[in-house]
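Peer 1: As a plain string of letters, each chain reads:
Number of protein chains: 2
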Amino acid sequence: MKIDSVDFFYLAMPEITTAADGSQDALVVRVTAGGHTGWGECEAAPLPSIAAFVAPMSHGACRPVSDSVLGQTLDGPDDIWRMAVAVAYNSMDLLQAAHTWSGIEMAMWDLLGKARGVPAWKLLGYERSYPKVPYASVLFGETADVTLARAKAIRDDGFRAAKFGWAPFGSSLEGDIAQLDAVREGLGPDGLLLIDAGQIFGEDVDAAALRLDAMERNRVTFFEEPFHGSAYLAYGGLGQRAKTVRTAGGESAHNRHMAEHLIDFGKVGYIQIDCGRIGGLGPAKQVADYAVKRGVTYINHTFTSNLALSASLQPFAGLRDHAICEYPTTLRQLAVDLTTSHLVRDANGEIGAPDAPGLGIEINPAALELYKVDVEIIVNGKSIFRSKAI
Amino acid sequence: MKIDSVDFFYLAMPEITTAADGSQDALVVRVTAGGHTGWGECEAAPLPSIAAFVAPMSHGACRPVSDSVLGQTLDGPDDIWRMAVAVAYNSMDLLQAAHTWSGIEMAMWDLLGKARGVPAWKLLGYERSYPKVPYASVLFGETADVTLARAKAIRDDGFRAAKFGWAPFGSSLEGDIAQLDAVREGLGPDGLLLIDAGQIFGEDVDAAALRLDAMERNRVTFFEEPFHGSAYLAYGGLGQRAKTVRTAGGESAHNRHMAEHLIDFGKVGYIQIDCGRIGGLGPAKQVADYAVKRGVTYINHTFTSNLALSASLQPFAGLRDHAICEYPTTLRQLAVDLTTSHLVRDANGEIGAPDAPGLGIEINPAALELYKVDVEIIVNGKSIFRSKAI
Chain B
1 MKIDSVDFFY
11 LAMPEITTAA
21 DGSQDALVVR
31 VTAGGHTGWG
41 ECEAAPLPSI
51 AAFVAPMSHG
61 ACRPVSDSVL
71 GQTLDGPDDI
81 WRMAVAVAYN
91 SMDLLQAAHT
101 WSGIEMAMWD
111 LLGKARGVPA
121 WKLLGYERSY
131 PKVPYASVLF
141 GETADVTLAR
151 AKAIRDDGFR
161 AAKFGWAPFG
171 SSLEGDIAQL
181 DAVREGLGPD
191 GLLLIDAGQI
201 FGEDVDAAAL
211 RLDAMERNRV
221 TFFEEPFHGS
231 AYLAYGGLGQ
241 RAKTVRTAGG
251 ESAHNRHMAE
261 HLIDFGKVGY
271 IQIDCGRIGG
281 LGPAKQVADY
291 AVKRGVTYIN
301 HTFTSNLALS
311 ASLQPFAGLR
321 DHAICEYPTT
331 LRQLAVDLTT
341 SHLVRDANGE
351 IGAPDAPGLG
361 IEINPAALEL
371 YKVDVEIIVN
381 GKSIFRSKAI
Chain F
1001 MKIDSVDFFY
1011 LAMPEITTAA
1021 DGSQDALVVR
1031 VTAGGHTGWG
1041 ECEAAPLPSI
1051 AAFVAPMSHG
1061 ACRPVSDSVL
1071 GQTLDGPDDI
1081 WRMAVAVAYN
1091 SMDLLQAAHT
1101 WSGIEMAMWD
1111 LLGKARGVPA
1121 WKLLGYERSY
1131 PKVPYASVLF
1141 GETADVTLAR
1151 AKAIRDDGFR
1161 AAKFGWAPFG
1171 SSLEGDIAQL
1181 DAVREGLGPD
1191 GLLLIDAGQI
1201 FGEDVDAAAL
1211 RLDAMERNRV
1221 TFFEEPFHGS
1231 AYLAYGGLGQ
1241 RAKTVRTAGG
1251 ESAHNRHMAE
1261 HLIDFGKVGY
1271 IQIDCGRIGG
1281 LGPAKQVADY
1291 AVKRGVTYIN
1301 HTFTSNLALS
1311 ASLQPFAGLR
1321 DHAICEYPTT
1331 LRQLAVDLTT
1341 SHLVRDANGE
1351 IGAPDAPGLG
1361 IEINPAALEL
1371 YKVDVEIIVN
1381 GKSIFRSKAI
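Residue numbers (this note's numbering), protein chains in the order written: chain B, 1 to 390; chain F, 1001 to 1390.
Simulated from the structure, these hints should not be mistaken for lab results. Where is the CB? At the ideal position from N, CA and C, for every residue including glycine. It cannot be assumed that every hint is accurate.
Stated by the list, open to error - Simulated restraints on C-beta separations:
1. B/149 to F/1292: 30 to 40 Å
2. B/219 to F/1081: 30 to 40 Å
3. B/172 to F/1364: 28 to 38 Å
4. F/1075 to B/362: 29 to 39 Å
5. F/1118 to B/390: 53 to 63 Å
6. B/380 to F/1243: 49 to 59 Å
7. B/172 to F/1081: 21 to 31 Å
8. B/155 to F/1374: 51 to 61 Å
9. F/1292 to B/294: 47 to 57 Å
10. B/157 to F/1073: 42 to 52 Å
11. B/128 to F/1142: 28 to 38 Å
If we strip away everything but chain B, and leave its shape as in the complex, we get (with noise of 0.2 Å):
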């Protein structure tokens, strides 16, 4: 098969508030070959990624990604990463470049994976796909009240885990606290307690290691984010600080280098990547490999649709014993709809990559119609870029 055509959809909420909800805007790729079609969504801003896949060359590395993708074979996994590979060397002084290339190779062991009628997980070399635990993942309410109301819905929901994150979380000791408290009020004693610092501590150890105690009193399994992405020397030395909880890291992981160097040099107990950033499923998969000989578990990062939150479960799928999964579960209308398919969890509570071909997820044309947003993108005349109707 060649690739015949890679289209872009870049949807939006009509309203996007400054929150840290990824799913308010979303950016799905689709790719032709041979008459199968496949699915992707790159975890970026969608106009600087759509322009990274038409911008004008600028010299031999730095060149737009449709240069190494459009026209290319894709019979196979192998295709997938010698397109990988040339993306990565022709487009190298092009950063937003992976995260363009993200949503485009997920979208091809989609397609792949319908072509031959299996699951993604199983071209990734995994026998079978194994249930997760979904942790509920939310955003901290305002107050610690808001957030005990939150964690108590999200366990009468039956969930066994949550994850609350980001502000007002880092803007006080004190309010901190009362948060962790709320949270692991909320959720009872048994529940798996997860807090995710959204970067706030830059690279101040210190002040992220104030927290620990109410953590460890709280019983939280693992503290993630709580510095700059690539403060990996940050990373170790509150890990060297703390004794029960974990961190972990991962999501800004924009090649598979930087996962494992959070992994080595970082010390995290816990790697959290997102197919729609890392370069996609391969790198993923690769990282995945690595955390189970470094005895460090992996997790998905997802943060938006079904479509996203599918593709990062393929890559650790067959990993019995790397057994929670990120599960956003207050999407906007925008990722719900983007779906027809939704995983859900089953009678144990408990979801897994989909038993179906390529990523199992059906996409909901109208919802690509419904959340449009139009770009045109004119450079000396010509138009290089304009939104499609699906």
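Model the placement of chain F on the given structure of chain B, informed by the hints.
Peer 2: Below, chain F alone, put in the same frame as chain B:
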């Protein structure tokens, strides 16, 4: 002063080739505040970088760079630092933000320096600007004979140092040995010889190490970017196998941490920072301080105009012992024409960061018009970016 405007000028040669020559296009940034003007240059794909400035917000951690810049106070270096922190946090999920911000940050130092009548290197804390020995930075010839002639011409032109890089280096061991011998022959026995592999070996330490004998026989001082910019362990592995040649890298660092990790984990002997990528002069100066502490030599990375060259000289202008600098000598006409002032070698064959306000480089308005690429970006019927006349 308040930031009144940030304008981008996308320039390009009429023809862009696949040569690894970064002077074929340019993204120039003009910042105005309090009646003063500063100029900067992003080392980046222009279109995605412009998009990163004007893109609609995706969510709180994925805001356009403009959100953290326009209308902000700019009265001193602390304000630049505050905006840098804001961009890193507010545009966390917008990968291209670092490249976009770099050119803006550069322009702010230029503007502040002009407003105060002092060079940027003085604002960075240096007492004086020491001259550097420029190495003529060129691409390998297609054959060893072409390279030989190029090296001879560089010696005849009075250069005491030269760097040859990129294709065809890496395509065959025999070819590479012939190229290395040719460069040494052309430069003569005394010339400082540097080699840039342009990441051609990916992370294959064995393949890169096969070139070490011929490098050491030809007294190569450093072996630059043998590997992917994030493959720290490969750099470390190669360094252990070398006897006299040192490894070099860092141009792909898009934040301070990445450069510091390349020093600590990649064990490079030379750290090469491009101010048009790492976030401007501020983080580059931090890396220079770190290099001094770690006993590593700091060098600029520059393959574009003299505006970018001056900017990249500022962060280590005051380091007397960090005495060589990259100096592109085969710039395309666009990059030559962009500035009316040029950094030319003095009687000792040396150059330095100018002893003049800001970056000390005058922009040529005619070049902004002559090489202009007209861009318009329209989102939902509204024009959110349109190239301006100067």
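Peer 1: Run every hint past the structure and note whether it holds.
Peer 2: Evaluated hints:
Against the hinted window of 30 to 40 Å, the Cβ-Cβ separation of residue 149 of chain B and residue 1292 of chain F comes to about 53 Å, which falls outside the hint. For the pair residue 219 of chain B and residue 1081 of chain F, the beta carbons lie near 38 Å from each other, so the given range of 30 to 40 Å is met. Between residue 172 of chain B and residue 1364 of chain F the Cβ separation comes to about 52 Å, which falls outside the hinted range of 28 to 38 Å. Checked against the hint of 29 to 39 Å, the pair residue 1075 of chain F and residue 362 of chain B fails, with Cβ atoms roughly 55 Å apart.
At roughly 57 Å, the beta-carbon separation of residue 1118 of chain F and residue 390 of chain B lies within the given 53 to 63 Å, and the hint holds. Hint check: residue 380 of chain B to residue 1243 of chain F, Cβ distance near 52 Å, so the stated range 49 to 59 Å holds. Against the hinted window of 21 to 31 Å, the Cβ-Cβ separation of residue 172 of chain B and residue 1081 of chain F comes to about 23 Å, which satisfies the hint. At roughly 58 Å, the beta carbons of residue 155 of chain B and residue 1374 of chain F sit within the given window of 51 to 61 Å.
Between residue 1292 of chain F and residue 294 of chain B the Cβ separation comes to about 33 Å, which falls outside the hinted range of 47 to 57 Å. With their beta carbons about 47 Å apart, residue 157 of chain B and residue 1073 of chain F fall inside the hinted range of 42 to 52 Å. The hinted window of 28 to 38 Å between residue 128 of chain B and residue 1142 of chain F is violated, with their beta carbons roughly 52 Å apart.
Hint violations for this structure: numbers 1, 3, 4, 9, 11, all remaining hints satisfied.
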